[in-house]
Each structure stands twice: as C-alpha cells, then as structure tokens.
Amino acid sequence: MTERIVIVGAGTGGIVLANNLAEELATEIDAGDIEVQLVNDGEDHVYKPTWLYVPFGEKTLADATRPLVDLVDDRIDLTIDRVDGVDTDDKTVSLAGAGVDESYDHLVLAMGAQVTPEETPGLAEGGHHFYGPEGAAALRDELAEFTEGHLVVSVVGVPHMCPVAPLEFALMADAWFRDRGLREDVDITYTYPIGRAHGIESVAEWAGPLMDGRDVEVETFFNAERVDPDTKTIHTVEGRELDYDLLVAIPPHDGSDLVREAGLGDDGWVDVDPNTLEARGADDVYALGDVADLPTSKAGSAAHYAAGALADRLASIARGERPTAEYDGKTVCFIESGTDEATYIAFDYEESPTPKPPSKLIHWSKLGYNRSYWLTARGVL
Amino acid sequence: MSETDERADVTVDAVGSSCPGPLMDLIGKMKSVESGTVVELLSSNEGTEKDLTEWTEQSGHELVDIVDHGDHQSYYVRKR
Numbered sequence: 071m072t073e074r075i076v077i078v079g080a081g082t083g084g085i086v087l088a089n090n091l092a093e094e095l096a097t098e099i100d101a102g103d104i105e106v107q108l109v110n111d112g113e114d115h116v117y118k119p120t121w122l123y124v125p126f127g128e129k130t131l132a133d134a135t136r137p138l139v140d141l142v143d144d145r146i147d148l149t150i151d152r153v154d155g156v157d158t159d160d161k162t163v164s165l166a167g168a169g170v171d172e173s174y175d176h177l178v179l180a181m182g183a184q185v186t187p188e189e190t191p192g193l194a195e196g197g198h199h200f201y202g203p204e205g206a207a208a209l210r211d212e213l214a215e216f217t218e219g220h221l222v223v224s225v226v227g228v229p230h231m232c233p234v235a236p237l238e239f240a241l242m243a244d245a246w247f248r249d250r251g252l253r254e255d256v257d258i259t260y261t262y263p264i265g266r267a268h269g270i271e272s273v274a275e276w277a278g279p280l281m282d283g284r285d286v287e288v289e290t291f292f293n294a295e296r297v298d299p300d301t302k303t304i305h306t307v308e309g310r311e312l313d314y315d316l317l318v319a320i321p322p323h324d325g326s327d328l329v330r331e332a333g334l335g336d337d338g339w340v341d342v343d344p345n346t347l348e349a350r351g352a353d354d355v356y357a358l359g360d361v362a363d364l365p366t367s368k369a370g371s372a373a374h375y376a377a378g379a380l381a382d383r384l385a386s387i388a389r390g391e392r393p394t395a396e397y398d399g400k401t402v403c404f405i406e407s408g409t410d411e412a413t414y415i416a417f418d419y420e421e422s423p424t425p426k427p428p429s430k431l432i433h434w435s436k437l438g439y440n441r442s443y444w445l446t447a448r449g450v451l
Numbered sequence: 116m117s118e119t120d121e122r123a124d125v126t127v128d129a130v131g132s133s134c135p136g137p138l139m140d141l142i143g144k145m146k147s148v149e150s151g152t153v154v155e156l157l158s159s160n161e162g163t164e165k166d167l168t169e170w171t172e173q174s175g176h177e178l179v180d181i182v183d184h185g186d187h188q189s190y191y192v193r194k195r
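Residue numbers (the working numbering), protein chains in the order written: chain A, 71 to 451; chain B, 116 to 195.
Looking at chain B on its own, in the form it has when it is part of the complex (with noise of 0.2 angstroms):
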C-alpha cells in the first residue's frame, strides 16, 4: 500500500467500466463528498486518464497521484 492510497477517504471502483463510466461515476462521487476529501478512482479504462487530466484542470480539484496495478490504475483526487 503507497503512502498515496493510505490518504484516500473513499473509493470507487469503475474497473470495467468503459468510457465515459469513470470519470462520470469519479464525479457522482465528487458531489456527495466533503472538500478536502481524497476519492480514489479505480479504472482499467484507457481513455480515463486524458479525461480526468482535462476534467481535473478545468475544475480545479487536484489529481493527487496515479498508481499503476498493471491490469487497472487508481487515480487520486482531492476536492477543492
């Protein structure tokens, strides 16, 4: 476990999920949460990156860290 993920308040997994599923449940979770709140993103979606890179510097919540699995990756964003 990373010093990374140890952060991360809540989790969503969207392994699986093809686009834009990721990022569209990332943000369903984004709204309910506090700011400052850590959520962690799982996805093995190819396309989540570019759009949580462009969705995150658009928004201003921070993408915090992308840790490789090999098979799925979590991205780590906290709300502003």
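Just chain A, same shape as in the assembly (with noise of 0.2 angstroms):
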C-alpha cells in the first residue's frame, strides 16, 4: 500500500522539505511504495528577504520568485490549490479548488506566517511594510519622493518573519540617505516592544552602539497601540505619542485559521515538539517554518535546516526505521548594517549569537547567497 506524505505550503520550510525527500526516498518513489505531494496555492515559490531591498530600488519584485515548476524535483506531485480544512481524526486534507479530501499517512503544515496591520487600528492607513510585494513596491515609491522630514521604523508585532530585518531597514535607510546627500535633512528613530534594540540580547547589544553612531534614535518599550494617519501620529500601550512623516512599521502577523480550526494550536502557530517537530496536538502531523511554534526566530534559515532535520526523520519512519535526526534550532541570519557592509549571527536553542564585525566582504556573501537561494530551495545547497 502506497504510504502518503502531504506537505502544506511550499515556502523555503515546503520546498526544501520536498525536494529532500525526492531525493532521499528516490527508490521507494519510483517503486510506487511512497508518495510525497505538495500544495500550494499559488505557481511561485516567493524568497521573501527579497523584499527588504526593494524599497531601495536594488532589487524588484520579479527577484523574489520563480515558478514551483522550475524547482519542485519530477518525483513530488505539486498540486496548485488552497488546503481549507484539516481534519486530524480522519487523516485528510481538503483542497478548496478540486474539491476533494485527500488523505495522508503524514502531514507537514509549512504555510508560513501571515501579516495582519489590520490588527492596529489605522496602520494600514498610515504605514508602509516591506513584508508583502504590494506593500515593498508601494515603500519603494514613497521613499523616492521622500526628500525631508521624520522616518520611523516601528516593530509593532512580534513574533514577526526575520527578525533582524527592522534593524537592516534601519541601518540601510541611514546609508541610502547619506548616499543620495540627504541624510541631515531625514531624522531616523526606530522602535522596539522592550527594554533593548532587539529581542536576541547579543544582537541588541550590538546594534545599540551602531544605531547611535549613525544618529538613529532608538525608541524602547514602545507599542503601538493606534496610528492616526490624519495627524502622522503613533499612539502607544505606554500612552506615548510620536509625529512621523513616514512610517514604515513592521505589522503583526498571525498564523493560520486551519491550525486553530484544526485544534493545532490557539494562536494559529502549531503546538509542535522542538526537536521533532511532531504537533502535540494529532499524530503524524508536523509542522516547520513560521507556522510552527517553535523557540528561535521565524526565518527562513531555521525553516531550511528544521526542514533537513525532518526530511531524515520522514525517510527514516517511511522506510520503517527509528527516526534519530532532530533539530536543534540551527539558524544562520546575514544581517545589512548599511548598504556596502553586512555582519551575520548563528544560533541554536542552547547558544546565544554573536554578532561578528560588519564587512564588505560578508555584504556580498549575502548578496551571493541571495542569488544562489534557489539552489537551495531546490535541495542542493
């Protein structure tokens, strides 16, 4: 009897899960014995952290995606649907395109994190993001015309998708500014939830300093609460005030209704194992990516090597085998401090990062990275 792996969402966590599998259970594939089929609902496979620098004009949206077609291995059956309802119990998934149930032996929930600035009242109104391809092609367009006056960059939700990306926005701006010879005319102020620049301690600590240095003012414990977009101002849970003339803000971001609905997780993230990535919630469901409710940041790094971890235990539990492959909260973030210099950290669940120098050198490494992504998502690199 054919053995049947679903994968909802082909993200970096989806695709890379995917192709790893194609290549790892090659032989029970081709036999019949195993079948691996991925959903998703749309023909692009989208690299996100393309987006940050859209808004500078280095990059389009066209650079963020290429066609699943392009980079799903022959061996996976990719299905073009939207999933809408999980039902745990009987094992299927059901595909709101077909119309139909199809049911799983294993299911992977890879569909990401969604961004809600719905959620604070007149922040869609009043605020750009570069977390979408709308809303990077709409900041791309406002900053061209922006010549004068007071940019803010607020992280208002959290968790949100890579988490280093508010300070690169920060550090890349002061930097595109000074460029373009108008950085004395553009005031900086960046804003965090609590006490410190950034939710990693090492990463805060490093980017305390950095942020002085270059006359960004740093603006802690600072949540917004409403944005009134007639008068440019932000109202915050602290009952502070703060007049911007463009606000480019991180929105909240939220799960998925199918893991609430499915009883995955109240949040929308899946209630999952750290290590195994097992949902706590149903047998033979797991989750990787941001969808999983998991102890490190929500990037596509920890998505690519979660996904790694889990495409051994998956070959591994279809061949009948113990699986031992675990994940340790693996994650490798390249971090722009300017537009000519980068850092990166590397962490996992038991050690903290720390933030190397920034250098010319690692600014390209990431550009190169950028360029060579989609040998990862095709499951070589």
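No wet-lab data here; the hints were simulated from the structure.
Keep in mind that a hint or two might mislead.
[What the hints assert, rightly or not] Cut-off 25 angstroms, straight-line C-alpha distance, at most; resulting in silico cross-link-like pairs (SDA-like, lysine to any residue): (1) K194/B / R310/A; (2) K146/B / A207/A; (3) K165/B / E295/A; (4) K144/B / E195/A; (5) K146/B / S272/A; (6) K400/A / S159/B; (7) K146/B / K400/A; (8) K146/B / Q184/A; (9) K144/B / R330/A; (10) K194/B / T303/A; (11) K165/B / Q184/A; (12) K144/B / P365/A.
Could you use the hints to bring the two separately framed chains together as a complex?
As structure tokens, this is what we get:
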C-alpha cells in the first residue's frame, strides 16, 4: 500500500522538505511505495528576504519569485490549490479548488505567517511595510519621493518574520539617505517593543551602539496601539505619542485559521516538539517554518535547517526505521548594516549568537547567497 | 486560589516561552483589553520579572502581584 506524505505550503520549509524527500526516498517513490504531495496556493515560490531590497531600488519584485515547476523535483506531486481544512481524525486535508479530500499518512504544515496590519487601528492607512510584494513596491515609490522629514521604523508585531530585518532597514535607510546627500534632512527613529533594540540580547548589544553612531534614535518599550493617519501620530500602549512623516512598520503577524480549527494551536501557530517538530495536538502531523511555534526566529534559515532534519526523520519513518535526526534550532542570518557592509549571526536553541564586526565581504556574501538561494530551494545547498 | 487570582479577568499562558516572548504576549493582550482589566501572565522564564517590572514602571500599568507556583509564576497586571 502506498504511503502518502502531504506537505501544505511551498515556502522555504515546504519546498526544501519536498526536494530532500525526493532525493532520500527516490527508490521508494519510483517503486510506488511512497507518494509525496506538495500543495501550494500559488504557482510561484517566493524568496521573501528579497523584499528588504525593493524599497531601496536594489531588487525588483520579480527577483523574489520563480515558478514552482522549475524548482520542485519531478518525483513530487505538485498541486496548486488551497487547503481549507485539516481533519486529523480522518487524516485528510480538503482542497478548496478541486473540492476533494486528500488522505495522508504523514502531514507537514508549512504555510508560513500572514501579516495583519489591520489588527492595529490606522496602521494599514497610515503606515508602510516591506513584508509583502505590494507593500514593498508602495514603499519604494514613497521612499523615492521622501527627501526630508521624520522616518520612523517601528516594530509593531512580535513575533514577526525575519527578526533582524527591521534593524537592517533602519541601517540601510541611514546609508541610503547619506549616499543621496539627504541624511541631514531626514531624522530616523527605530522603535522596539521591549527594553532594548532587539529580542536577542547579544544582537541588541551590538545594534544599540551602531544605531547611536549612525544618529538613529532608538525608542524602547514602544508598543503601537493605534496610528492616526491624519495627524501622522503613533499612540502606544505605554501612553506615548510619536509624530512621523513616513512610517515603516513591521505589522502584526498571524498564523493560520487552519491550525486553530484543527485544534493544533490556539494562536494559529502549531504547537510542536521543538526537536522532532511533531504536533502535540495530533498524531502524524508535523510543522516547520514560520507556522511552527518554535523557540527560535521565524526565519527562512530556521525553516531550511528544520526541513533538512524533518526530511531525515520522515524518510526513516517511511522506511520503517526509528527516526533519530532532530532539529537543534540552528539558524544563520545575515544582517545588512548599511548599503555596502553586513554581519551575520549563527545560533541554536542552546547557543546565543555573537555578531561579527560588519564588513564588505559579508555584505557581498549575503548578496551572493541571495542569488544562490534557488539552489537551497531545490534542496541542493 | 489567592485573592489576586480571583481578580484576574484574563489569563495569558506563556509558560515555556523564552525571552522576550512572555512580555510580548502580555503586551499583545493589553492592547485589546479595557482600562482597569487585570491580566494574569503565566511565565516560567527567569527574565520575565525584570522585563515586566521595567515595562510597568515605564508604561504606568500596575504590576499588582506576583505569585510563585514553583515551576512558573503568575504576574498580575492592571491596565491603567
């Protein structure tokens, strides 16, 4: 009898998992013993870190996407449809477009995170963001016209995708305006919800003095409760007000209603064992990437490494072997600290990161990796 | 159940979350509740007390009580 592995979502976690399984289980798939189905609600794979560069005119939206058919191994059953229900008792997922239920023996949820600016009153009307294609394009147009005034980069929602991106944006904006001879006419403020510039203490210790040296004002314990687009004012839970001319906000994020409705996580993030990635609310269900409630960053890098570990586990299980591979929280993130220098951090569940001194070499390494990312998506790198 | 426990209107369970998760979960809830509401934050993270004390001092919300349950703590915060 054919054993079926169904993966929902073809972001970094889903596509890396599918391609790794295609390689590890090639013999079993070719023999018809195992099927791997990858379901995605669009035809393209999206490399979201590209959006950081779009507002500064360094990348285009097209640079962020490739057709899934060009990236997914032929051994994978690629299905373009939207999953609108998960039944963990019957072990089925329902496909909205086809109107059918697909059975699974092993289900992997990898639907990512959604941005929900509408959760904060006035934010969608009064702010910009670079956490989606339309937002990044609109911000590019706005930045191109912005020659003077107060730019506020505000982290409104936590947790959010790519935790270092807000720092990167503020530092890149500083360098970008300097390069264009406008920095003296642009004030930049960066705000963060807790009492330091970043959730990871060592990153905050690194970023604080750097921001100070770049004349970027840092406001901590700053939690936007509402935005008034008419007066261009942010009002916070702490009772503070901050005026802006251009607001770049990291919007609140949400998991998935599918997760809530399936009883796999009250907040929309799948409650999982952080090492095995097994859902705690149902058997034979796993989650990886942003939709998993893991004690690490919601970052493509975390999804990439988690997918490798889960591929090993699922391949072992499919072969009837005891799985031994585990995800240790490994994450590696490049951090742009201007327009021509960068650093990086590497960490896991046990080890905190230590940012290295920024350099041009790391900046070029980041740009190089962005181009070679498509090899990661193919399961090669 | 303590007297303070009975006054909690809403509970946020962040047991097991690492820093700054518990404080962020609390702040997220504080955005959506009315003034005067007492929110109970459950946390097992050792940094929560320091973070929460700093935040309430800055924000004007009131840290009403802390109850130690051994493996985790309850922090009661009243929205101003």
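Which earlier hints turn out false for this structure, listed by number in ascending order? Hints 2, 5, 7, 11 contradicted; others consistent.
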